[in-house]
Amino acid sequence: MVDVALWSGLRPLVGGQDSIAVEGRTVGQILDSIRRNYPALAPTLDAGVSVVVDGRVIASSLTEPVGENSEVVLMMRLKGG
Amino acid sequence: MALDSSKTTDFKYVGTRPDRPDGLDKVTGRAKFGADATAPGMLFAAIKRSPHAHAKILKIDASKALAMDGVKAVVTRADFAEGLTGETWNVLENVMAGETALYDGHAVAAVAATSALIARDAMKAIEVEYELLPHVTDVDKAMAADAPVIRAGAADASVPEGLHPNVVRYYESGHGDVEAGFAEADLVIEDHFTTEATHQGYIEPHACLGTLGADGKGELWCCTQGHWNVQKLCAAMLGIETSQLRVTASEIGGGFGGKTTIFIEPVALALSRKANRPVKLVMTRAEVFRASGPTSSTSMDVKIGMKSDGTITAAQGTFRLQGGAFPGGPCEMTAMCAFAPYNLTNVHQVGYDVMTNRPKQAAYRAPGSPMAAFAVESVIDELCNQLGLDPFEVRLKNASREGTRASFGPKWPRIGLVETLEAARAHPHYTAPLKEGQGRGISCGFWFNHGGETSVSLAMSEDGSAQIMVGTPDIGGSRASMALMAAEVLGIPYENIRCTIADTSSLGYNEISHGSRVTYASGLATIKAAEAAVEELCRRAAAKWDIPEEAVYWEDGYAKPSGPNAGDHAPLHITELTADMGATGGPINGHFEATPEGAGVSFATHIVDAEVDPETGATKVVRYTVVQDAGKAIHPTYVEGQFQGGAAQGIGWALNEEYIYGEDGRLQNAGFLDYRIPVASDLPFIDTVIVEVPNPGHPFGVRGVGETSICPPLAAIANAVSNAVGVRMRQLPMRPSRVLEALESKDG
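In order, the protein sequences belong to chains F and E. Going by the UniProt record's numbering, the first sequence opens with residue 1, and the numbers climb by one from there. Going by the UniProt record's numbering, the second sequence opens with residue 1, and the numbers climb by one from there.
For the record, the hints were derived by calculation from the structure and aren't laboratory data. Quick caveat: nothing in here was measured; it's all calculated off a predicted structure. Warning: the hint list may mix true and false statements.
As the list claims (entries may be wrong) - Example chain F residues on the side facing chain E (calculated, C-beta under 7 Å, incomplete):
id: 1; residue: Ala5
id: 2; residue: Tyr38
id: 3; residue: Gly55
id: 4; residue: Val73
id: 5; residue: Leu78
id: 6; residue: Gly81
As the list claims (entries may be wrong) - Estimated spans, in silico, between C-beta atoms of each pair:
id: 7; chain 1: E; residue 1: Gly662; chain 2: F; residue 2: Gly15; range: 43 to 51 Å
id: 8; chain 1: F; residue 1: Arg25; chain 2: E; residue 2: Ser243; range: 28 to 36 Å
id: 9; chain 1: F; residue 1: Ala40; chain 2: E; residue 2: Lys64; range: 23 to 31 Å
id: 10; chain 1: F; residue 1: Gly28; chain 2: E; residue 2: Glu549; range: 30 to 38 Å
id: 11; chain 1: F; residue 1: Gly15; chain 2: E; residue 2: Glu87; range: 29 to 37 Å
id: 12; chain 1: F; residue 1: Leu62; chain 2: E; residue 2: Gly254; range: 17 to 25 Å
id: 13; chain 1: F; residue 1: Asp46; chain 2: E; residue 2: Gly662; range: 33 to 41 Å
id: 14; chain 1: E; residue 1: Asp146; chain 2: F; residue 2: Leu62; range: 40 to 48 Å
id: 15; chain 1: E; residue 1: Gly86; chain 2: F; residue 2: Ala40; range: 16 to 24 Å
Each residue gets a CB set at the ideal place from its N, CA and C atoms; glycine is no exception.
The following block holds chain E by itself, in its conformation from the complex:
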C-alpha cells in the first residue's frame, strides 16, 4: 500500500517547540567541533601564505624548515593532482597556489610538525621568492581598460566581446520595453550603489583532522556544510578514489554558506600522506578573514520609473560583483533576485562577475540577493518619498503574485509575498510613533531556495523508538525538525527519535546543506523514509491478523484494521510490532533517495527603526520586525531563530562590516577587533512573524527559511537611516563617518 502523509493542518508534533537535541552537548562543551578531534601520533600543520596581492612564485625553498627538529613534511602545489579542470581546478588553485599568488593570504606551501608551535616556526622558515605583479581589488577598477589582467582566458562563453578579461561571466534578462516604460513614468530615479565585501563571521574557524595512507585510503574529520562535497573535491585533488576517503562532519560553529567549499582539508590530507601520520589543521581568525570566502562586493546602478499613483512602469539594474581571483561572483543571482518582488511590464537586468586580487568569494546566505535588494528597495523608497506614497501600498500595488511573470522569465506559482506585506502592515510596529532622530524603513526580499540530491535512512529499534540518519550537516536545527517530521508520520513522541548526521561511508550521497534546502529536502526524504517504515509496520500487522495489507491503516502510532470487513482486531501499537520484528520478517527500516525539485521560493518583508546620533554619526537599530513566509514552520523557535539571525547579520553588513584593502592590496582588518560584527548589545529584540503559505512541493508545506531573512535588512536599514538623516544612503556600510558626511552634505 502506498502511504501519503501529506497535510498542512492538524499536526500533532509539527509546529511544536521541543528542546533541541544538541542543546545539552552545546552548553556543556561535549559537542565536538572541527578542532576538537585528536588522533594518536597526530601532527600539527601550518600554511605559508602570500603577503602580496599578486605575485609570480619564482622559488619555494623549504630546506630550512625541513631541517628543524619535529618537522615531518612540507607540501606545495606539486603534491596535488594535475590535470584537473573547471571548478575543481579553481578550488585547488585557491587551496594551494600554482605559479602565481593571486591575493594576500593565498596559500603557497604547508608544513606538518610534532607541535603547533614548531609548525608555525617552520612555516616562517619556508622561503618564497616572488616577482610582484600589478594588482586590483576594486570591482569598477578591475573592469577598466587599464586594469591588470588576473588570469587571461578565465571568461566563459556568456561574456560579450569587448569587455575586460577580468569580466568572467555575464548575465542579462528581462522583458518589455524599459525605455517606453520610463517614458510613461511621472518620476524616474536612477542611482548608483555600492556594498563592501563582508564575511559570514562564523565563530568556529575552519578546522580538520586528516589521515591518508600510501594505499589511497583516508579519513577526514572537518567542520563543513557538506561532507560529500568535501569527499569529492579532496579525492580529486589527491588523485584517490572518492569512496576510499571517509569524511565525517563535526558539529559546526556557523557556516552561513562559507563552509560550502574547502580551504584546508586537502592540505591536511596531502601532509598526512607525505608524513604517514594524522595531521590536524586549524585556521587562525586572521587566516579565516584573509583566505576563506567572503561575499562579493558590488557596484550597482538601478533606475526605476513610477507613476504618481505608485505603479512601477519600468525597472533597470546593472550589477557588478567582485568575486575575488576566480570566477563565481553570483551576478546572475543578484540580477534575478533584484526585481523579483515586483510584477513588472518592462524590466531589464544585467550582471557582471568580475575577478580581482582578493580571496575567492564564497556563498553567504542568499548569495547576491541582499545587495540587489539594497539598491532596488532604496530607489523604491526614494520614489515613495518624493511622490508622497505609502511604501506598503506601493509594494502591494506592484507585488508579484501567483500567475504574474517574474522579472527573470517564468510565471510565479503560489507565493506568499502579499501575505508578508499585509502582515507587516498590520503589525503594531508600522504605526508606532517615532522619536526625534529616528527613521523607519521597510523592504521586501526574495530567495529561490533549493532541493538537491538527498538520502535519508530510518531504522526502528525493538522498543519502538527510531533513529534517522541524514547527510545534511545540522546548521540551523535540522535534527529537531527531522525528528518532528518523523514523529508526525510514525506517531511516536519526538523524544523517542534520534537524528544523526551520517558520515560519507554510512549513507548515500547528499548535497551540501545550502540553498535553505535541509528542512525541505532532508525533511521530505525523512517523511518518505518514515512512510516506508510505516508501510512495513502495517504489513507486519496484516500478517499477524492474517488479513490483506490494504486492510490496515496507520494512525497515531497504531496499526488498525481499516473497517468491519477487516475483522475485529485490537489496534497494535508500534512497540508491539517492533518488539518481535526480528522474528516477523527482520529489521524494520525505511529509506528514501531523490533529488526533490519542489522547493518553494520565499519572500520576506522587514520593518526597521533606526536612530542616528547627529554628533557621532553612529546608528542604532532600535526596533526590528521580520515577517517571512516559511510555508510551514516545523519547529517555530528555530524558524524564528533563522529570521532573527538573518536580520542580525544584515545589521552588521549594513552598519559596520567591510573588508578594507590598502593601496598595497593587503587586507587591513583581518580580525574581529577591526572587522566589527554585531554583538548582543548592538541589537534590539528582533520581533518575528511567521507567515505560512504552504509549499505544494513538500508534504507538509515547508519552504526554506534560512536565507531569505538576510535579503531585506540592508535595504530596510538603509531606508530607515536615510529617512532619519534626510539624505539617501547609497554606500554600505553606513559607518559613522559616512553618516556624518551625509549629514554635512545636507547642512552644507
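In isolation and in its complexed conformation, chain F is listed as follows:
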C-alpha cells in the first residue's frame, strides 16, 4: 500500500482524511486504484492531476514507478506559458 497525500480541498470528499492508502506500483496503477476505491475523487482525476513522487512532479506519465515507501502527493495538473 502507498500513502497518497491529498490537497486539503479534496479531503471533504474522503471523510476528512489527509491521505489515502492505495495499491499500485506505478502512477497509473495508483490513479486507477484511487478511482476504484474513492469514486468521489474521480471527477478530480478526470479534470487532470499531477502526481509528485519523492519530490519529482510527474505531470502525465502513467508508467513512472512508485515504491512502497515513496512519498506520493496529488497535485492539480501543472500548466505553463
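For chain F, the structure is supplied; the task is to place chain E on it using the hints.
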C-alpha cells in the same frame, strides 16, 4: 552498448556563446513569420466581433456581405463541428461564439474575399442582431451574490456548494495550524492586493494561412508555440482526422504563453473549406488585445505572522483569479507558488477561478505565479521593515531547501533557492548606496517547470555534419541550445549542426513549447538521439575493425578502441564513418521519443532600485539584478536574455500595463499607444547572475529558465517603490496617479 553522456562539468561546447543560427535571417528580413506566407489564389479574411460585453445573438445576416464583388465565403458557428466537450468545446466557443457573445471582441462570424480591403468592408456589412445581457468584468464583483451568471453549470467538482456560479474552480491546500501559528507571532500583517490583467505583448500578431479541401485534407501555416496542439484542436473543430491536417509553425515574433492556444486558425480553415481557396487571416493589434488571451487579473488577501527573530510562524493566502468568460484562470498555480520559497510549519492557501465577461485568459510566463509573489513578498517586506530585519536574512532563515516540505505538500528535491539568495546578497548591487528618492526592493520567485511529450530526430550527413528535427517552436533560442547539446555528444562543431522545427507530418508528437520545457525536454531528447547515432557510429567502427561493439568508445568526434585488447586501430573520425555509411549499413540516424518527467523546479531572487518623481508620481527603475538557478546554462547568452526578458516584462506589468474596461464592459485601451509596454528607454541595464544547481533529471543538469524570471519582478519593484515613497503599494500597476495618491495619503 548503452551510451550515457550525462555530466555536469568539463563541457566543450555546452556553456559557450556561439552566434544564433537564426540571427542572419532575423536581421535581414528573410525569416518567415505568420503573416509572411502566401499561396496562389489566396483569399483574405476578416472576423466580425461583438461590440458588447455580454449579449445573446439573435440573428446573423450575411446577405449584404455575400452580395459584394470579391466575397467568397462567410462562416459562423454553424460551420464548425458539433458535439465537442470539455476544453475543446471551450476553445471553439471562444474561437466563434455560439448563442451568446461573452465579451467585447468575441468572434461571431468571418468572411473571406479576394482582398483584405474587401474582406474588411464585407465584415462590416454582416448584420448581427443582439439582445444585451448584464455583464461583469471585475473579479470581486463577479463573485458577489448579485453578479450576472455568465454560464450556469460551468463549475467543476472542486467548487464547494454556496459559491456563485461564476466561481468555476476551487483549490485549497496547506498543512499545520495557521491560527496557532499566528498566535505565536510577534507581528502579524494582513493585506489586500490587486493586479490588473496584462497582455503578453508579443510584437507579432496572430497570423495564419489555411487550406482545407472537401476531401478533408488540409495545410496550415501559423505562428504558434505548439503546432501539434493546433493540429489536434483544429481537426476536432472542423470534424476531420488529425493526421490529415499538416501544420507548419512559422518563425514566432514572441509568444510568452499567449500562443499556446488558438484563436483564428480554425476560422481560416473553415473559410477555406467553404471557398475552396487558401485563406490568410491576420489579427490587427486591436484584435490581439480584445480577443486573444491576456493574463488573469487578481484580488488577493495575504496574512503572515513572524517572530521578532524573523521566523515565519504562519502564512495564509486567498487568491481570486479572473479568467475571462471560460474556466482556466490558474488559481491553483497562484496558490501553490505563493509560499513555495518558504519552509512553513503552518500554511494555508486557497484559489478561486472566476469567470467574467472578458476574453478567455491564456498563459503568460509562469501563469499565476508573479501575482502571488507580489502579494506574499510585499507582506514579507513589510514585516521586515516593521521588525527592523534584513530582508535577505529573513528569506534565508525561512528558505525552502532540499528535504523541507513545500507549502503544497511534497518534500523538495535538490533546489537552488538558497544559492540564489546568497549570490544576490553577495552582489555589489545590494550594498550600493541609494540616492534621495530611491528605494530598494528584493523578492524571491518560484516556478515548477515542465517536461511533456517530446520527439526528436537526428540525421547524419555523409560529410559528418548533422541535422536535428525538433517539434518545439523556437521561442527563446532553443535551436542553438539543441545544436550545442548535440555537438557535445557527437563531438563535432556547433556550426556543423542544423536544427529545424519540423512540421506535424515530419516528426512524432510534440507538446507545446510551454512550461519552460524546451531546453529541458527537447534537449534531453536531442542528447538521447545523438547518443543513438553515436552508438551506431561505434557499431560501424567495430565492423570495420572486426572487433566487438563493446570494445569501441566515442570521444570528441572519434571512434576509438577501448584498450590494448581491442587491437591496434587508429581512431576513426566521424567523417570517416559517415562518408561510406550507405555502404556499411545505411543512413546513420538517431531518434528519441519520451515524456520526460524530471524537470527541475527553479527559483530566482531579484534586486531592484526604483526612483520616484514626487511631483509626477512617475517611477523609473534605475538598477535591476536578476539571480536565478538555471541548473546548467547551455547557451549562457540566451539564458541571460530570458532573465532580462522576464524582468523587462515584469517592469511593464508592475508600472504601466493594464486592461482598462469601461462601465459598458468594453476594452478602452486596445492598442500600444494606450496600453504601454516598456521600451528600451524605460529600462535600465538588467544585470544577471546565473546560478547553476544541476537538475538530476537532465543529463547535463538543465532546469527551465524562461518563466521563473517573471515571478519576482512585480514584488521586487513594488517593494522598491514602497520603500522609496514610504507607503506600501498594494495595487498594480503602480501608475503615476496611484503613486501620487500614495504620497498624498502619507502627507495628508
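Hints, verified against the model:
no., hint, verdict
1, Ala5, "holds (5 Å)"
2, Tyr38, "violated (13 Å)"
3, Gly55, "holds (4 Å)"
4, Val73, "holds (4 Å)"
5, Leu78, "holds (5 Å)"
6, Gly81, "holds (2 Å)"
7, Gly662(E) to Gly15(F): 43 to 51 Å, "holds (49 Å)"
8, Arg25(F) to Ser243(E): 28 to 36 Å, "holds (34 Å)"
9, Ala40(F) to Lys64(E): 23 to 31 Å, "violated (55 Å)"
10, Gly28(F) to Glu549(E): 30 to 38 Å, "holds (35 Å)"
11, Gly15(F) to Glu87(E): 29 to 37 Å, "holds (31 Å)"
12, Leu62(F) to Gly254(E): 17 to 25 Å, "violated (34 Å)"
13, Asp46(F) to Gly662(E): 33 to 41 Å, "holds (39 Å)"
14, Asp146(E) to Leu62(F): 40 to 48 Å, "holds (45 Å)"
15, Gly86(E) to Ala40(F): 16 to 24 Å, "holds (20 Å)"
Of the numbered hints stated above, those contradicted by the structure are hints 2, 9, 12, listed in ascending order.
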